[in-house]
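So the sequence lines, in the order shown, correspond to chains Y and H.
Here this note's numbering is used: the first residue of the first sequence is 3, the next is one more, and so on.
Here this note's numbering is used: the first residue of the second sequence is 9, the next is one more, and so on.
Simulated from the structure, these hints should not be mistaken for lab results.
The beta-carbon is built from N, C-alpha and C at its ideal position, and this holds for glycine as well.
Take these hints with a grain of salt, some might be off.
Unchecked claim - A short list of chain Y residues far from chain H (calculated; beta carbon distances all over 10 Å):
hint, residue
1, Pro21
2, Pro123
3, Ile128
4, Asp155
5, Pro158
6, Leu184
7, Leu192
8, Ala211
9, Leu212
10, Met236
11, Arg254
12, Val261
As the list claims (entries may be wrong) - Here chain Y is said to cover these stretches of chain H; the calculated rule only asks that three of the stretch's residues, wherever they fall, bring their Cβ under 8 Å from a Cβ of chain Y:
hint, region
13, 61-69
14, 81-95
15, 105-113
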Amino acid sequence: MSRGSHLAALARFAIASNPLVLVMPLPWLGMVGLDYWEGNTFRFDLTNLWSAFSFLMVPQVALVLFAPGLWSRDAAGANPMEFLLTRALDRRQYFRAMTLVYVAIGLLPSICGLLLALSRPTLEVIVLDDARMGRYLSAFDGSYRAAAPPSGDYQPPTIVIPHGRVMVAAVDAVNIVALSMLVLALLLLLMKTRRRPLVAQIVLMAPVALVVIGAPFWTLANRWVELAAPRVAMVAAVVIAGAFAAQRLYERWYLRLEVVSG
Amino acid sequence: MSALVETQGLRRAFGPVKAVDGLSLRVEPGSIYGFLGPNGAGKTTTIRILAGLLWPDFGTVRVNGVDPRDFTATDRRDVGYVSERQTLPPEARVDRLIAFCADLYPGWDPALAARLLDRFAIEPRTRVKRLSHGAQRKLGVLLALAHRPKLLLLDEPAAGLDVAARRDLLEELLEVVRDGDRSVFFSSHLLSDVERVADRVGIIVKGRLTLSEPLDDLKETVKQVRFFDFPGDAARLEVPDAFRLVRSRDEALVTLRARGDEVERLAASHGCRYEVHAMNLEDIFVEMTREPDARRVS
Chain Y
3 MSRGSHLAAL
13 ARFAIASNPL
23 VLVMPLPWLG
33 MVGLDYWEGN
43 TFRFDLTNLW
53 SAFSFLMVPQ
63 VALVLFAPGL
73 WSRDAAGANP
83 MEFLLTRALD
93 RRQYFRAMTL
103 VYVAIGLLPS
113 ICGLLLALSR
123 PTLEVIVLDD
133 ARMGRYLSAF
143 DGSYRAAAPP
153 SGDYQPPTIV
163 IPHGRVMVAA
173 VDAVNIVALS
183 MLVLALLLLL
193 MKTRRRPLVA
203 QIVLMAPVAL
213 VVIGAPFWTL
223 ANRWVELAAP
233 RVAMVAAVVI
243 AGAFAAQRLY
253 ERWYLRLEVV
263 SG
Chain H
9 MSALVETQGL
19 RRAFGPVKAV
29 DGLSLRVEPG
39 SIYGFLGPNG
49 AGKTTTIRIL
59 AGLLWPDFGT
69 VRVNGVDPRD
79 FTATDRRDVG
89 YVSERQTLPP
99 EARVDRLIAF
109 CADLYPGWDP
119 ALAARLLDRF
129 AIEPRTRVKR
139 LSHGAQRKLG
149 VLLALAHRPK
159 LLLLDEPAAG
169 LDVAARRDLL
179 EELLEVVRDG
189 DRSVFFSSHL
199 LSDVERVADR
209 VGIIVKGRLT
219 LSEPLDDLKE
229 TVKQVRFFDF
239 PGDAARLEVP
249 DAFRLVRSRD
259 EALVTLRARG
269 DEVERLAASH
279 GCRYEVHAMN
289 LEDIFVEMTR
299 EPDARRVS
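Hey, can you work out the whole structure from these sequences and the hints?
Take a look at the structure:
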């Protein structure tokens, strides 16, 4: 079997063995749809809620794919990884296939969001803070302040960013890739330390839950989008290169991972 | 001939518990090695180290000449493994799982897989999670056997199987080694099964290998002997190497290892008579794994 078809067979098998991972993106895909129908106006800052929530999916997919023993270890303490890791397959290839599936599933809502953004690229952001308004106008080429409606009705201060929606969706995708690799590092380290499953799950979920709870109110998240969106191509290149480097490092960890049961 | 399995001074601890403590053993090609021990003796840890799932803290291990930590996909083609508490991918369909494994092994024998599927009465289009515990074990055995590995590592393979399936499994194990180069290393609490198929046994107690030898030698040399008609008090009988010594005033029941006329000479030296009782593997195992303070009863 060629290396490519071996990788594809492993990826297919990973999905066939854990079909749950295909269902996991559905709620987030639903949120992408809602976000689309709501219109092109972000309220008060550049981050929107769905992208923060999509972070929640990443550790769950990681647990299901890479550590099914932590996810659903049965009463007898069996480790489902054991079966695959004692077959005649290259652990390195297996890990690559799993990483491919993992990142692809994590990215699915973001890619859909990006495709929808391409069809309605202009973004309007309500900005009440004058300082932030100034920053946005200088950060995004071609952005301008929306004119008041001719009817004379009140309109909150709004900035219009051409292609802003595409940029923000692309930043979301980049964030998912970076977060996926960070979560994977944390998961592999937890698996090396042989923590109890519940402890491992809490440790893995806690930082992500903090991000999700804090993101809508978190100035740093806003600043990050403000910084990354105008130069998203460069940021994406750096993150993708970092992801490849991390993947190589994780492969080495994975090769030396014990499969502990009970 | 080089050994298929060779370990030297293998040690592995889980926190303060020494699961394996200085284990050295060899499994030659063409043999069925029964690995016995009480619960918690270190059998599963040893097999998991041989399968490349756990790493030893100290010592060396070679399976087919390779350290299991460095197993490549090619090395793994020569090893079949069924774990004590195996979990097959629950959502996978049986036929797809078999097809997936068949792709991984160039030596996969579709005829053998089909025969075992039929023999074990497993419906190929069923999902693994719909199979009973016993059927899942049979499927695990099928997946370990059908690529005809050089070495089969089986941890309690018959656990949860009915009598007929156990018999089928044992017949298949014998089939595996029929061509001479292949070996089976298996642990089991079903000593009658071990006795039926193993040609060599090892007994591990508290992580240490207390015995490793051909089964026939073991059964020939370990004996239970009743000494009686003592001229004096039977309680004075001392047999330093006895596995068990139960003494009363009139007689003594001794489990010991004796070759040739050693029993006869022992009886002659005490001026008593004796009779030898036959021991099966289960009797021998119980006597050899007894706690030291339970070995002398007066």
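Each hint tested on the structure:
1. A beta-carbon of chain H comes within 10 Å of the beta-carbon of Pro21/Y; the shortest separation is about 5 Å.
2. At the 10 Å boundary, the C-beta of Pro123/Y stays outside the reach of chain H, the nearest C-beta of that chain being 40 Å off.
3. With a least beta-carbon separation of about 46 Å from chain H, Ile128/Y lies farther than 10 Å from that chain, consistent with its non-interface assignment.
4. Interface exclusion of Asp155/Y from chain H stands, the closest Cβ pair being 56 Å apart, more than 10 Å.
5. In this structure Pro158/Y is separated from chain H by more than 10 Å, as the shortest Cβ-Cβ distance comes to about 50 Å.
6. Non-interface call for Leu184/Y relative to chain H: holds, since the shortest CB-CB distance, roughly 27 Å, exceeds 10 Å.
7. For Leu192/Y, the requirement that its beta carbon stay farther than 10 Å from each beta carbon of chain H is met, with the minimum near 18 Å.
8. For Ala211/Y, the shortest C-beta to C-beta distance to chain H comes to about 28 Å, beyond the 10 Å cut-off, and the non-interface label holds.
9. At roughly 32 Å from the closest C-beta of chain H, the C-beta of Leu212/Y stays outside 10 Å, upholding its exclusion from the interface.
10. Listed as outside the interface, Met236/Y is consistent with that label: its C-beta sits roughly 39 Å from the nearest C-beta of chain H, beyond the 10 Å cut-off.
11. Residue placement check: Arg254/Y keeps its beta carbon more than 10 Å from all beta carbons of chain H (closest about 13 Å).
12. With a least beta-carbon separation of about 4 Å from chain H, Val261/Y fails to lie farther than 10 Å from that chain, contradicting its non-interface assignment.
13. For the region 61-69 of chain H, the stated coverage by chain Y holds: 3 residues have a C-beta nearer than 8 Å to a C-beta of that chain, and at least 3 were required.
14. Chain Y is given as covering the region 81-95 of chain H, and this holds because 10 residues of the stretch bring a CB closer than 8 Å to a CB of that chain, at least three being needed.
15. For the region 105-113 of chain H, the stated coverage by chain Y holds: 5 residues have a C-beta nearer than 8 Å to a C-beta of that chain, and at least 3 were required.
Of the numbered hints given earlier, the model fails hints 1, 12; all others are met.
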